[in-house]
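Asker: Sequence:
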Amino acid sequence: MDFLNKDFYAQPTLKLAQSLLGCQLVKETKEGIASGYIIETEAYLGPDDQAAHSYKNKRTKRTEVMFGPAGYAYTYVMHTHCLVNVVSGLAGIPEAVLIRAVEPLSGIDLMYKRRGDKKEKDLTNGPGKLTKALGITQQDYGHPFNVPPLYITHGYEPDHISQGKRIGIENSGDARDYPWRFWVTGSKFVSR
DNA sequence: CCTTCGATCTACT
DNA sequence: GTAGATCGAAGGA
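If you're matching positions, the first sequence starts at 1 in my numbering and goes up one per residue.
Calculated from the structure, these hints are not laboratory results.
Check before you lean on any hint, since a few could be wrong.
Claimed, not checked - The following label-pair restraints were derived from C-beta to C-beta distances:
(1) Gly92 x Glu31: 35 to 43 angstroms
(2) His79 x Glu157: 28 to 36 angstroms
(3) Asp177 x His81: 22 to 30 angstroms
(4) Lys6 x Pro47: 19 to 27 angstroms
Where a beta carbon is used, it is the ideal one built from N, C-alpha and C, also for glycine.
Can you build the whole structure from these sequences, using the hints too?
Answerer: In structure tokens form, the structure reads like this:
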């Protein structure tokens, strides 16, 4: 299996956020395997990022994993949904990359079963939607992304990457305008 | 214990 | 594009 290794996750967070585009996010459950290409991410840079949960090194039970080494899953429940991040940065530096959207690749039947009868593009075009479609839950908190049942493998090289402001952080002061959102240019599966 | 607050989604205009 | 739902976690008493 072509798992991404530690050198990959050791990249600076902003670069990692772009490198993750086109990679495959895979989740195995007893119901089957579901996977998709990552096509939209957002970077959250620890202590200096007003929009990050780890702003000012805020450390709680939930943000704890971000203070560890890169390559682990940071799952967080909010608004009745579960979001998933890839922890980045060295141990002690709480940075992470939020996965905002993926393009369905395999296990699409399973996604329809979990999400209900929707259009294909509505299966995974949002942070809370993709976790439900893939079956990612709070139980995956702290899981390393290079061992089953949850892992990331190499995918394809996107033709072109777009960059822009992050979404859903209107109340985060100056941080709301930081251009730390990345997506595959032209993809139909970006959240907006 | 009790109050507040979202890194969202959905439906509806 | 925008308002409303909704519930677990965080933080204060």
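Asker: Now look at each hint and say whether the structure bears it out.
Answerer: Against the structure, the hints:
A hinted range of 35 to 43 angstroms for the beta carbons of Gly92 and Glu31 is consistent with their spacing of about 38 angstroms. For His79 and Glu157, the Cβ-Cβ distance of about 34 angstroms falls inside the hinted range of 28 to 36 angstroms, so the restraint holds. Between Asp177 and His81 the Cβ separation comes to about 25 angstroms, which falls inside the hinted range of 22 to 30 angstroms. At about 23 angstroms, the CB distance of Lys6 to Pro47 agrees with the hint of 19 to 27 angstroms.
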